[in-house]
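Protein sequence lines, in the order shown, are assigned to chains A and B.
For the first sequence, the working numbering assigns the number 1444 to the initial residue and increments by one for each residue that follows.
For the second sequence, the working numbering assigns the number 7 to the initial residue and increments by one for each residue that follows.
Warning: the hint list may mix true and false statements.
[To be verified] The calculated lysine to aspartate or glutamate pairs, modelled on DMTMM-like cross-linking and capped at a C-alpha distance of 20 Å, are:
| # | chain 1 | residue 1 | chain 2 | residue 2 |
| --- | --- | --- | --- | --- |
| 1 | B | 114 | B | 130 |
| 2 | B | 121 | B | 98 |
| 3 | B | 140 | A | 1549 |
| 4 | B | 104 | A | 1484 |
| 5 | B | 114 | A | 1484 |
| 6 | B | 140 | A | 1484 |
| 7 | B | 104 | B | 185 |
| 8 | B | 114 | A | 1505 |
| 9 | B | 190 | A | 1474 |
| 10 | B | 114 | B | 73 |
| 11 | B | 140 | A | 1474 |
| 12 | B | 121 | A | 1549 |
| 13 | B | 190 | A | 1549 |
| 14 | B | 121 | A | 1484 |
| 15 | B | 140 | B | 118 |
| 16 | B | 121 | B | 160 |
[To be verified] Covered stretches of chain A (in silico footprint by chain B; criterion: 3 or more residues with CB under 8 Å from a CB of chain B, positions within the stretch not fixed):
| # | stretch |
| --- | --- |
| 17 | 1477-1483 |
| 18 | 1538-1549 |
The hints are simulated quantities; they were obtained by calculation from the structure and are not laboratory data.
Even for Gly, the Cβ is constructed at its ideal location relative to N, Cα and C.
The lines below spell out each chain.
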Amino acid sequence: MLTVCLAALLPLPASAVPLPGNPSRGAAFYESHCGACHSLDANRVGPMHRGVFGRKAGSVPDFHYTRALKTSGFVWSAVALDRWLTNPQAMVPGTAMGLRVASPQDRADVIAYLKQQSGAGK
Amino acid sequence: MIDGIAGTRRGILTGGAKTLSAAGLFALMGSSGSALAAANPSQDAALLNAALGLEHEGIAAYQLGAESKLLQPAVLSLAVTFQGHHKQHRDDLIAAMKRLGGVPVAAKSLQDYAKELNAASLKDQAGVLRLALKLERGATNAYLGIIPSLGASDLHTLAARTACDEAFHAAILGQALSEAIPQKAPLFG
Chain A
1444 MLTVCLAALL PLPASAVPLP GNPSRGAAFY ESHCGACHSL DANRVGPMHR GVFGRKAGSV
1504 PDFHYTRALK TSGFVWSAVA LDRWLTNPQA MVPGTAMGLR VASPQDRADV IAYLKQQSGA
1564 GK
Chain B
7 MIDGIAGTRR GILTGGAKTL SAAGLFALMG SSGSALAAAN PSQDAALLNA ALGLEHEGIA
67 AYQLGAESKL LQPAVLSLAV TFQGHHKQHR DDLIAAMKRL GGVPVAAKSL QDYAKELNAA
127 SLKDQAGVLR LALKLERGAT NAYLGIIPSL GASDLHTLAA RTACDEAFHA AILGQALSEA
187 IPQKAPLFG
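Take the sequences, apply the hints, and build the full model.
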């Protein structure tokens, strides 16, 4: 039976929609904060991020996800990423991702970068 | 030009590490926009396992650098020293995980890490140092970033302390690459 994380699926109020982001600042933030575990094109400690926008969470081939994320049932979007980066443990209890990005602008910037690298919204 | 680390430069950077330690702890205090997580051993174990994966990769990265034959003797010695620090971090994480009842993740093969880190693209000492610097900076921020998610307070200390080590490594590597010292603080977190 597929377990769906309800917390991940709850809609966010309009005030929680991410700020506009700068992909260039986001690229720098990605390298300095995400790069220890993630790459765009290789699975490392964390899964690769190329094409993350529109991808079902926990679905990158050949990566060993926690059961929590693999069965979470949501699709990565700007809103989902913003919630995730704010507090991944709250969104998907049991995930191995623990890094929180406190600044809304930093989150917006890295989301804009990931969106650009996904070819989304061009 | 990249050269060995001079004694005076090491002295300056050793003094700077104290500031980095304070900065690391201050970043922890400043980032508490959300409350620290409640104690949850299995959740903490999952987070520590991700950190352990990071240390495995760091150990492998320094191994790849050492085996590349691209490093001058003084830099090779530095790489081996830093690798030793990461092995201690690995052992500390494994011990913490076992106390939590977790199962530590195993390291991948060196060939796997070589592929994931694109080691074949490393052509000179500067390239090896830039890769190491990127990983150390990322590790510093990763350890600082997971502190609010860790439930047990002793793990907050473990993560902060380890972040300080990674920041020290980053400072040394940045100096070896003659990178400009950032003018704006905080430097991490």
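Hints and how they fare:
1. B:114 to B:130: Since the Cα atoms of residue 114 (chain B) and residue 130 (chain B) sit roughly 25 Å apart, the hinted pair is violated (cutoff 20 Å).
2. B:121 to B:98: 27 Å, violated
3. B:140 to A:1549: Holds, at about 18 Å.
4. B:104 to A:1484: Distance ~32 Å between residue 104 (chain B) and residue 1484 (chain A) Cα, so the pair is violated.
5. B:114 to A:1484: Judged against 20 Å, a Cα distance of about 18 Å means the pair holds.
6. B:140 to A:1484: 16 Å, holds
7. B:104 to B:185: 40 Å, violated
8. B:114 to A:1505: 13 Å, holds
9. B:190 to A:1474: 18 Å, holds
10. B:114 to B:73: Status holds; Cα separation ~17 Å.
11. B:140 to A:1474: 7 Å, holds
12. B:121 to A:1549: 30 Å, violated
13. B:190 to A:1549: 16 Å, holds
14. B:121 to A:1484: 11 Å, holds
15. B:140 to B:118: 19 Å, holds
16. B:121 to B:160: 35 Å, violated
17. 1477-1483: Holds: 5 residues of the stretch 1477-1483 of chain A have a Cβ under 8 Å from chain B.
18. 1538-1549: holds (count 8)
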